[in-house]
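Colleague: Could you put together the complete structure from these sequences and hints?
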Amino acid sequence: MDKVYLKYKEAMMNPTRLMDELGIESDGVDSLGMGIIRKEVDLTNEEKQYLLAVERGDVPSTRQILLQSSSNGININCVDPLGRSALLVAIENENIEMIELLLQYNVEVGDSLLHAINEENVEAVELILNHEVNTKGEEVGPLISNFLNFLGTLGHII
1 MDKVYLKYKE AMMNPTRLMD ELGIESDGVD SLGMGIIRKE VDLTNEEKQY
51 LLAVERGDVP STRQILLQSS SNGININCVD PLGRSALLVA IENENIEMIE
101 LLLQYNVEVG DSLLHAINEE NVEAVELILN HEVNTKGEEV GPLISNFLNF
151 LGTLGHII
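Sequential numbering from 1 applies to the sequence shown in the numbering used here.
Since the hints were derived computationally from the structure, they do not count as laboratory data.
Derived SDA-like pairs: lysine to any residue, alpha-carbon spacing no greater than 20 Å straight-line:
1. 48 to 105
2. 136 to 126
3. 48 to 101
4. 48 to 61
5. 48 to 79
6. 48 to 68
7. 136 to 110
8. 48 to 67
9. 48 to 92
10. 136 to 108
11. 48 to 78
12. 48 to 74
13. 136 to 109
14. 136 to 100
15. 48 to 77
16. 48 to 59
17. 48 to 84
18. 136 to 104
19. 136 to 77
20. 48 to 58
21. 48 to 71
22. 48 to 93
23. 136 to 113
24. 48 to 82
25. 136 to 106
26. 48 to 60
27. 136 to 101
28. 48 to 75
29. 48 to 66
30. 48 to 108
31. 48 to 70
32. 48 to 73
33. 48 to 69
34. 48 to 76
35. 136 to 111
36. 48 to 80
37. 48 to 81
38. 136 to 114
39. 48 to 72
Modeller: Structure below.
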């Protein structure tokens with residue numbers, strides 16, 4: 001029994017090694033077709049500066065990095081070692097100005113809406129929902145409009 005548990009614990013600590021041992025190849029997508037949440041990737045110095053600027057709330061530096069991102073090859077959707085994107089960091093720090101800036105540059109929203117809801121950051125939720133309506137148009141418009149109306153009623157309760 002102890003051997004089975006140790007093997008399980010080892011697999012949980014290093015799933016890629018187990019996959020290698022079993023000959024399983026991964027293309028960065030899980031069985032549900034979703035991206036792997038935390039994939040070890042080396043960040044460039046520019047990407048580290050970008051995430052640090054977002055963490056510090058340095059909007060002018062972040063704006064400058066975003067302006068140069070296409071010419072410098074910076075991945076504006078990169079994640080820190082904790083698996084957080086710039087948008088998630090801005091949501092955690094409740095930095096509305098930074099959230100607006102990142103959405104203007106069309107960073108991937110991913111599950112940031114769920115994080116904003118979890119953080120009870122109503123303004124961030126509204127920004128993300130409005131961004132989704134503006135970028136995806138009629139696909140999500142009616143559903144999000146109903147949700148925004150619902151959020152408006154919650155403001156009076158809270």
